[in-house]
Amino acid sequence: MHRDSAPNGLWWALFLWASLPGWALVVQAMGGFGLGPNPQESIIRGFGQVSLVLLLWVYAMPLWARWAGGQVLAARRAMGLWTFAYTAVHFLAYLQFEHDRVLAAVWSDIWQRPFVSVGLIGLFLLAALAVTSNRLAMRQLGARWKRLHRAIHLIVILSLVHFFLHKMGKNDYGEVVVYAGLFLGIALLKALPMAAKLPSRPSSAGAASARFPHTPES
Amino acid sequence: MSPRRADRQRRGDDLAAQITPYALWRDRRQFLQASGAAAARLAGAAALSAVMASPSRAVGATKDALTPVRPLTARPSRWVSMEKQTRWEDATTYNNFYEFGTQKSDPARNAPGRLKMDPWRLVVDGLVARPQTFGVDDLLKLSPLEERVYRLRCVEGWSMVIPWIGYSLSALIQRVQPLGSAKYVAFTTLADSQQMPGLRSDVLDWPYHEGLRLDEANHALTLLCFGAYGQTLLAQNGGPVRLVVPWKYGFKSAKSLVRISFVENQPECSWNVSAPQEYGFYSNVNPGVAHRRWSQATERRIGDDSLFAPRRPTLMFNGYAEAVEGLYAGMDLRRFY
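Those sequence lines, one after another, are chains A and B. The numbers in my numbering rise by one with no breaks, and the one at position 126 of the first sequence is 126. The numbers in my numbering rise by one with no breaks, and the one at position 9 of the second sequence is 1009.
Okay, chain B solo, but in the shape it has when bound (with noise of 0.2 Å):
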């Protein structure tokens, strides 16, 4: 056993693991068995109406089916919302990661077993004193981790809430020593189409890119990301490390991060670059700015109980107003959406 792997687990007294207590370690073989009793299940959905199927919500089983994963232990935080969690069934076969296929459940059937997240790199360059890159196992000591459990709202109208383990970006933020001429981050993410079959289409301009002002990046919320569910981050949800800002919608938390970079202009970012008019640079969640196609009144929550469970009135910067609506003073957001 590594010592770090060793360390690793005396000082997990395993809040996290208590919660969330999957299997530790999946082999390749157990991956192929279960992707093969997976696709099965599908093909008997499929049968039943190929239009209709869907992953099942039997996927239980799949979680012996994603690509190796290790436990990772974090401290409680203050950020812990009290709603009831995610299945971490729904959370890891719904979601939109569009390198891996435009379908919602695409990632969990494409990203697995293709992306290759070990060895990772993670360059931190730009307007910085001390542009450096990153292993993941870097990251890993670079501060205490944390498990936080934020509200995720997409700008289609759904939403989770899913216990993130990771430290505040502000952490790698300050380690870089960003100059003064930096006034925003630009983030970016693997684009490689050996491994991302969804590279094939031309929906986004790849590789996806994203970017925060830099006191947003700063903000005590804004999380790198390197786990859910008391185990590191599974491919499809942008494993090994990736980026989550809960009071914007998640396309703004971008995934498997390779490029961190300190800019002085504010960058492009994919969605806003392929339709400006529906997305904007902030796009914080606000109920009362209205998507072209749909209202963002309301939200789905993912797992509500009924079939005919109302949808759940959208909190302004989804809940976080609190926290965050200082850095917002004075902007029009309906302009700045």
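Isolated chain A (complex conformation) (with noise of 0.2 Å):
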């Protein structure tokens, strides 16, 4: 993705998956069903949910380049944004449905609820990932970008801890053990690049690094 490649049929596809509970939710909503007696928790929690879900596959979209080759790569922009314009949604839909907008209400939140902040700072950093994806922003930070993007893995930790602290308050923690067994077992992954490097992985990753050389591959 970091190079000017045309989108192909791959990164339509991955942008529609993407885009999916999107229109599921327009139609839901507009429909009047499926969002349960109380659609306001189902919007805020579904949103909660898609994002920490896409994240994860974002994060882990180095390992899908590695098995299904590079080109997967190249889709990984287009995924991120989904990941953060859902991510927005689930804060206005809690800005909206929690507080009404009034934000006097939302600011004693940010203060008294840990599980509030930290799912703000985990958005102001989604937001500075998004704003410097583009092209002129790689090339105005240099060797920063890529320091800078390494923020997801920040992201994701802070992600599940959002979601440990909110499922604390039922002791319900059955969720938030499969997410944060997901996310290790990605970081081990990726933190063996050797193994994967070696000859189970023939030419296709030399193709792939050959064709997206700046990919960090952390």
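If you are wondering where the hints come from, they were derived from the structure by calculation, not from laboratory data. A virtual CB, placed ideally from N, CA and C, is assigned to each residue, including glycine. Do not rely on the hints blindly, as some may be mistaken.
Claimed, not checked - Cβ pair distances, simulated, as ranges:
(1) 188(A) to 1276(B): 35 to 41 Å
(2) 1201(B) to 112(A): 45 to 51 Å
(3) 112(A) to 1082(B): 33 to 39 Å
(4) 15(A) to 1076(B): 43 to 49 Å
(5) 117(A) to 1273(B): 24 to 30 Å
(6) 121(A) to 1083(B): 36 to 42 Å
Both chains are given apart, each in its own frame, so use the hints to dock them into the complex.
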């Protein structure tokens, strides 16, 4: 994605796939079905969950690239922007449905409730990555761009902490454990690049890194 | 027809049934058919979006899907909120009953057809002159049934208005005659892993237990509840017999009761044990005392018409302050939350 590649079929497929939860919500909200007796809560939590799933997916993209070929990475920026979009809607839904846009209430929430503050820090970091995802910003930032975008590690961790603190209220950690396990699994596999680079990974790897020379594999 | 049923029908000039004219008897066959349809509908929603899917709003049809219920007639009472009642479809598909899963759609999915509500035994024991084990039919005869339309405020920040059927717990308390040493009442919910898949998780220490001070338990508002919406309680709502304490957060109103014990010391309560800093023994609805994770100042009324309907201000003691504040005279409700 860090080069000028025209969107191909895979790019479009991933783009449409990532947009599905958004379409589903529009259809459900307009049709008045599928959101249950507490639609506001379903919207807030649904978008939170979609954001987390997509975030982990983006986080894992270098792995997909290892196994499925480097062209997967062409869609990484689009996937990242979708992740940011869903997270932003998650936050806007919280503003609207939890606080009726009363900013004073939001402000006190941010200071009183760690799960809100942690979520917000994650959102700000994600926003920073989103606004620096264009080529102009990449050029301007140079080597710092890569360092900045390593913040995705932190964003994933903050998101999991946010989710954990939220679930703590009801002692219900089942889903948190699943997502944390996925994160650890992905992080571990990403940290073991050698294993993947050895014989099991023939020519496609070379092709991938030739095609995307600046792809951070961190 | 059993004499008892005939009697109930004779008595039943059916105010409640006029309000909520649901079909009367539902047999197991209907249950299976309708739950198949419900499952198909859910699968459709899931296909649309696995993450956003939750039970469809169009659950009306699944009222045929629920465990056999029978009509329950009750006289009107003075405790009737005039607010718009929560739709039956919402009140029976959205609630917490962790024994059947931690999602609020789980109880409606898992409890019907699993929870065996007949026969049922409720043990009343402890510091009482006349300990006794009751069947549900004994309990139904113990005092005239009333319809009480109460606000229900969940600690999670949502609320409903539900027409419960039952009578003041004080009637049962009178029957068993507590000793002078009895200061508290402990309530225990059924815990049977055969019937309750949620027990596999260690979210709470099972069985679910709750408690009230004896004077709270004796308050006229404290309801021993057998029905809602003109019929016997559904499994997911805590049938066949539960507690309803309208001025406290919903989790104090223990469901599917198997034991009520009179004790001297403040009993342990499941949520209080699992997260003492978040759920106190009293757990009175109080907009001024925030939960750790969210403010309790406002609430989302389930069934408000518009998606953008504002939240409502939460009332002290859930609006029952006039009736119950005397119970807490002189107490620091910030400390005893």
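Worksheet entry | Index of numbered hints that the structure contradicts, given in increasing order | 2 and 4
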